[in-house]
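> For reference, the chains in residue letters:
2 protein chains.
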Amino acid sequence: MPHIALPAGFPGVRSLFMYSPVTAKPLNDLVQTLLHDPNTSTLTPGERELIATYTSSLNECKYCANTHGAIAKYQLGGDADVVKAVMVDPAAAEITPKLKALMNIAAKVQQSGRNVNSRDIAAAREEGATDNEIHDAVLIAATFCMFNRYVDGLATWAPDDPAVYDAIGKQRASEGYLTQPFKVAQTQQ
Amino acid sequence: MPHIALPAGFPGVRSLFMYSPVTAKPLNDLVQTLLHDPNTSTLTPGERELIATYTSSLNECKYCANTHGAIAKYQLGGDADVVKAVMVDPAAAEITPKLKALMNIAAKVQQSGRNVNSRDIAAAREEGATDNEIHDAVLIAATFCMFNRYVDGLATWAPDDPAVYDAIGKQRASEGYLTQPFKVAQTQQ
Numbered sequence: 009m010p011h012i013a014l015p016a017g018f019p020g021v022r023s024l025f026m027y028s029p030v031t032a033k034p035l036n037d038l039v040q041t042l043l044h045d046p047n048t049s050t051l052t053p054g055e056r057e058l059i060a061t062y063t064s065s066l067n068e069c070k071y072c073a074n075t076h077g078a079i080a081k082y083q084l085g086g087d088a089d090v091v092k093a094v095m096v097d098p099a100a101a102e103i104t105p106k107l108k109a110l111m112n113i114a115a116k117v118q119q120s121g122r123n124v125n126s127r128d129i130a131a132a133r134e135e136g137a138t139d140n141e142i143h144d145a146v147l148i149a150a151t152f153c154m155f156n157r158y159v160d161g162l163a164t165w166a167p168d169d170p171a172v173y174d175a176i177g178k179q180r181a182s183e184g185y186l187t188q189p190f191k192v193a194q195t196q197q
Numbered sequence: 009m010p011h012i013a014l015p016a017g018f019p020g021v022r023s024l025f026m027y028s029p030v031t032a033k034p035l036n037d038l039v040q041t042l043l044h045d046p047n048t049s050t051l052t053p054g055e056r057e058l059i060a061t062y063t064s065s066l067n068e069c070k071y072c073a074n075t076h077g078a079i080a081k082y083q084l085g086g087d088a089d090v091v092k093a094v095m096v097d098p099a100a101a102e103i104t105p106k107l108k109a110l111m112n113i114a115a116k117v118q119q120s121g122r123n124v125n126s127r128d129i130a131a132a133r134e135e136g137a138t139d140n141e142i143h144d145a146v147l148i149a150a151t152f153c154m155f156n157r158y159v160d161g162l163a164t165w166a167p168d169d170p171a172v173y174d175a176i177g178k179q180r181a182s183e184g185y186l187t188q189p190f191k192v193a194q195t196q197q
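One line per chain: the protein sequences are A and B, in this order. Each residue of the first sequence is one higher than the last, beginning at 9 in the working numbering. Each residue of the second sequence is one higher than the last, beginning at 9 in the working numbering.
Hints may be right or wrong, so weigh each one.
When chains are identical, the list treats them as one kind, so a pair holds in a single copy or across two.
To be verified - Taking lysine to any residue pairs in the SDA-like style, the calculated list, with each CA pair at most 20 Å apart, reads:
{"no.": "1", "residue 1": "K116", "residue 2": "L66"}
{"no.": "2", "residue 1": "K33", "residue 2": "L66"}
{"no.": "3", "residue 1": "K191", "residue 2": "D45"}
{"no.": "4", "residue 1": "K108", "residue 2": "W165"}
{"no.": "5", "residue 1": "K33", "residue 2": "H44"}
{"no.": "6", "residue 1": "K33", "residue 2": "G136"}
{"no.": "7", "residue 1": "K116", "residue 2": "A101"}
{"no.": "8", "residue 1": "K108", "residue 2": "D174"}
{"no.": "9", "residue 1": "K116", "residue 2": "V192"}
{"no.": "10", "residue 1": "K33", "residue 2": "D45"}
{"no.": "11", "residue 1": "K116", "residue 2": "M9"}
{"no.": "12", "residue 1": "K92", "residue 2": "V30"}
{"no.": "13", "residue 1": "K116", "residue 2": "P10"}
{"no.": "14", "residue 1": "K33", "residue 2": "R122"}
{"no.": "15", "residue 1": "K108", "residue 2": "F25"}
{"no.": "16", "residue 1": "K33", "residue 2": "Y185"}
{"no.": "17", "residue 1": "K70", "residue 2": "S126"}
{"no.": "18", "residue 1": "K106", "residue 2": "G17"}
{"no.": "19", "residue 1": "K33", "residue 2": "N140"}
{"no.": "20", "residue 1": "K116", "residue 2": "S182"}
{"no.": "21", "residue 1": "K116", "residue 2": "A16"}
{"no.": "22", "residue 1": "K178", "residue 2": "P15"}
No lab work stands behind these hints: they were computed from the structure.
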């Protein structure tokens, strides 16, 4: 049960966005720009969603890891296997060497920003990562260290049914983050 | 030296805002609403800045802890002692019992959202904290777990001169977060 009185029928961060529209606006604007907009990053939306998924997985945030995992799957043309593999170990997943190096940086950021060192950055550059891509990877990982804490710090509802995450993933991958939230039937709660 | 090529003369997150205006916009909108706007929270701007300062201190983020400590000081009418005391131990600082209970929640969030339990929430309620105030404390702590990682994950410049932080603090406390950044003389870098 959530720690505060949140609107029923909306899982995870969506219940918080309904509860607090004044902070929902900049938070949705942030993820729209950071994850979804094809013109704001040279990383693909699928790559950016994988970084969000991996960070959320490291923070053991069930709602965010499952939601962004499902969005990543749809952004990657339905490839659920690569999403699962990234959550286990990005170094062994079928992703580009550049994305592996950025995942290493994301894992450092998840622990502490102070853990990122010049060798991590050099390794990413060797695989072709640009300043913008290093910037985006750090900010995505940092942003999900926020969302994961917001979602779990208030004990929001994380559905058990994989179909709920799949439906959210399909919606967000096609519509982005600025449309109305997916409402789950009350009977599923 | 920063991990990526950032504009000279701007410290900490301000150099990142200059580097990436597209993400700066929602991030500045977020802190304006969350920390500065007097109408969006029943916590005072000073109390909210103290939560940001304490979280940044726990994350050992020199730039954010010093900047928000200075903003908190100006928001609290110049009381530097209470800011220093909160950074050492909020339970022993001269702040309200309600704010102490919210600081305890912030410290849990800093570790992991999953660490906040029903006893932490009940203790805050016993001291008069409302749902909105618990929400705001969790989101402020979560937000600074993001900013601290963004600032340190890219190794931004954190000035040593306390006068720099004091000038930023004075500016942000009076102007909020949506005005142009404070530029430090190049010679101070």
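> Classify it for me, K116 with M9: is the Cα-Cα distance of at most 20 Å met within a copy, between copies, both or neither?
Classified as between: cross-chain Cα gap 18 Å, same-chain 32 Å, threshold 20 Å.
> Pop the pair K33 and Y185 into one bin, within, between, both or neither, using alpha-carbon distances up to 20 Å.
both (10 Å within a copy, 16 Å between copies)
> When no copy is named, should K33 and D45 be tagged within, between, both, or neither for a Cα gap of at most 20 Å?
Answer is both: 16 Å inside a copy and 15 Å across each meet the 20 Å cutoff.
> Measure nothing new, just compare the shortest in-copy and cross-copy C-alpha distances for K33 and G136 to 20 Å and report within, between, both or neither.
neither (34 Å within a copy, 28 Å between copies)
> Is it within a copy, between copies, both, or neither that the alpha carbon of K92 lies no farther than 20 Å from that of V30?
Answer is neither: 34 Å inside a copy and 31 Å across each miss the 20 Å cutoff.
> How would you label the pair K116, S182 (within, between, both, or neither) given a Cα cut-off of 20 Å?
Neither: 30 Å inside a copy, 36 Å across copies.
> When Cα atoms must be at most 20 Å apart, do K33 and H44 count as within-copy, between-copy, both, or neither?
both (15 Å within a copy, 16 Å between copies)
> When Cα atoms must be at most 20 Å apart, do K108 and W165 count as within-copy, between-copy, both, or neither?
neither (31 Å within a copy, 27 Å between copies)
> When no copy is specified for K191 and D45, does a C-alpha distance of 20 Å or less occur within a copy, between copies, both, or neither?
neither (24 Å within a copy, 31 Å between copies)
> Measure nothing new, just compare the shortest in-copy and cross-copy C-alpha distances for K116 and L66 to 20 Å and report within, between, both or neither.
both (11 Å within a copy, 17 Å between copies)
> How do K116 and V192 come out at 20 Å by Cα distance, when the copy is not named: within, between, both, or neither?
neither (35 Å within a copy, 30 Å between copies)
> Should K33 paired with N140 be assigned to within, between, both, or neither, using CA atoms and 20 Å as the limit?
Between. Shortest inter-copy distance 17 Å satisfies the 20 Å Cα cut-off; intra-copy 25 Å does not.
The structure shown violates the earlier hints numbered 2, 3, 4, 6, 8, 9, 12, 14, 15, 18, 20, 21, 22.
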